[in-house]
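Kindly generate the complete structure, drawing on both the sequences and the hints.
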Amino acid sequence: MAVKILQHRRTNYHFIFLVILLSLLINIRPTWGHEDPNNSLENPEEEEWKTRPPLTPLLEIEREITGCCTREKKMKSFGNAVSGEELIIDVGHCRKKCSPHKPLKKKKFEKLMKENPNIDPRELFLLHSTRVTRRHPSCPKGETCSESDYRIEKLLTSTGELTVDIVENCSCQPNSKACRRHPKIVTFHMGTPLESTVDVGECRGHCGEDMKCQPVITKTTSVNGPNGVECVSLIEDCLCSSQCYRVSHYEQVYDHSTEPPNATTHGQSPFQGGGTHTHGQSSFKHTHLTHSPQVGADGSLEEWKIKYRRKNK
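All letters in the sequence shown, in the order written, are residues -33 to -1, 1 to 280 by mature numbering (1 follows the signal peptide of the UniProt record, and there is no 0).
Note that these hints are calculated values from the structure, not bench results. The reader is advised that the hints may include incorrect statements.
Straight-line alpha carbon distances no greater than 25 Å define the calculated PhoX-like cross-link-like pairs of lysine-lysine that follow [unchecked claim]:
| # | residue 1 | residue 2 |
| --- | --- | --- |
| 1 | K73 | K41 |
| 2 | K151 | K108 |
| 3 | K186 | K121 |
| 4 | K151 | K41 |
| 5 | K64 | K43 |
| 6 | K75 | K64 |
| 7 | K63 | K186 |
| 8 | K43 | K121 |
| 9 | K63 | K40 |
| 10 | K40 | K64 |
| 11 | K43 | K151 |
Quick list of the computed label-pair ranges, beta carbon to beta carbon [stated by the list, open to error]:
| # | residue 1 | residue 2 | range |
| --- | --- | --- | --- |
| 12 | T159 | K73 | 18 to 26 Å |
| 13 | K121 | F76 | 40 to 48 Å |
| 14 | F45 | T154 | 17 to 25 Å |
| 15 | S200 | K81 | 17 to 25 Å |
| 16 | T154 | K40 | 32 to 40 Å |
| 17 | K40 | L129 | 17 to 25 Å |
| 18 | L123 | V196 | 15 to 23 Å |
| 19 | P107 | K40 | 18 to 26 Å |
| 20 | E82 | K121 | 35 to 43 Å |
| 21 | T159 | K75 | 36 to 44 Å |
| 22 | F92 | K40 | 28 to 36 Å |
| 23 | S125 | F76 | 45 to 53 Å |
For glycine and all other residues, C-beta sits at the position ideal for the given N, C-alpha and C.
As structure tokens, then:
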């Protein structure tokens, strides 16, 4: 009889031991006995995570942490400088895809936890400790990673002065289904007392076959430069049109006239030279007028010789 009682007690002890072990493994506190509020087995951090909002998908976390839509380096050669050295400039470009991750280090993980207190550390670790086999878009659905800020850089090459657009910043922008004008912020003479920022605009959007989103209404504005006032072209409206079309282009030319002898007045008259756009690039045909007046003995104007010289730029 005593042997049976001992065996029964051993079985009960084994059962209790298994229950306690199982409760510790699944982090469940036993419900029997007196509960001491100061002797809790629960981690206070676990209670904190329970009150936080639901976790976001991994891809959204990745965009929030890494900032996939960012500017990346893009080195481009622009020929040779006056000194003979090759001109290689970082023009930049926008990151369209999220690149695979590198192995996560302890210091980087601690930094990520401080920078992202609202994200579960387990999600951070899972996200950054594994390599992404497939590259994802850097912006949410319906948006594209596009250039948001430019700066104008003027380079002095062996063939003359060259103006280059350099990407400064990128951001996720809504996809444009229709052809319309989008902002294009350009900074002129950055880092100088003459620095100025202008929205020159750009045309983006889908068009039908053999059509392209082109600027149809433009205007000009002036910015101060080191060599005086500079003229900047601004896009006001865009429309789907054929890839080669004519737009109006006005220039000012001087109109010299003489009244009494030894007296000359100078006026200005507008001249419409026109221009052509091909494949989205401006190639204006400028008409320059050179006046060669022949003055007679009595001081009257005998003849005007107007020479037209067309130059494609």
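To see whether the hints hold, each was checked on the structure:
1. K73 x K41: violated, 31 Å
2. K151 x K108: holds, 22 Å
3. K186 x K121: Distance ~22 Å between K186 and K121 Cα, so the pair holds.
4. K151 x K41: holds, 20 Å
5. K64 x K43: Distance of about 21 Å is within 25 Å: holds.
6. K75 x K64: holds, 22 Å
7. K63 x K186: Outside the cut-off at roughly 32 Å; violated.
8. K43 x K121: This hinted pair holds, its Cα atoms lying about 14 Å apart.
9. K63 x K40: Holds. K63 to K40 sits at ~13 Å (cutoff 25 Å).
10. K40 x K64: The hint holds at about 14 Å.
11. K43 x K151: Cα-Cα ~22 Å, so holds.
12. T159 x K73: 18 to 26 Å: For T159 and K73 the Cβ distance comes to about 44 Å; the hint is violated.
13. K121 x F76: 40 to 48 Å: holds, 45 Å
14. F45 x T154: 17 to 25 Å: Distance hint for F45, T154 holds at roughly 19 Å.
15. S200 x K81: 17 to 25 Å: violated, 47 Å
16. T154 x K40: 32 to 40 Å: Once the Cβ atoms are compared, 19 Å apart, the range 32 to 40 Å for K40 and T154 is violated.
17. K40 x L129: 17 to 25 Å: Distance hint for K40, L129 holds at roughly 20 Å.
18. L123 x V196: 15 to 23 Å: For L123 and V196 the Cβ distance comes to about 21 Å; the hint holds.
19. P107 x K40: 18 to 26 Å: holds, 25 Å
20. E82 x K121: 35 to 43 Å: About 38 Å separates the Cβ atoms of E82 and K121, which means 35 to 43 Å holds.
21. T159 x K75: 36 to 44 Å: holds, 38 Å
22. F92 x K40: 28 to 36 Å: Holds, since F92 and K40 (Cβ atoms, about 29 Å apart) stay within the stated range.
23. S125 x F76: 45 to 53 Å: Check passed, 51 Å falls within 45 to 53 Å.
Hint compliance for this structure: hints 1, 7, 12, 15 and 16 are broken, all remaining hints hold.
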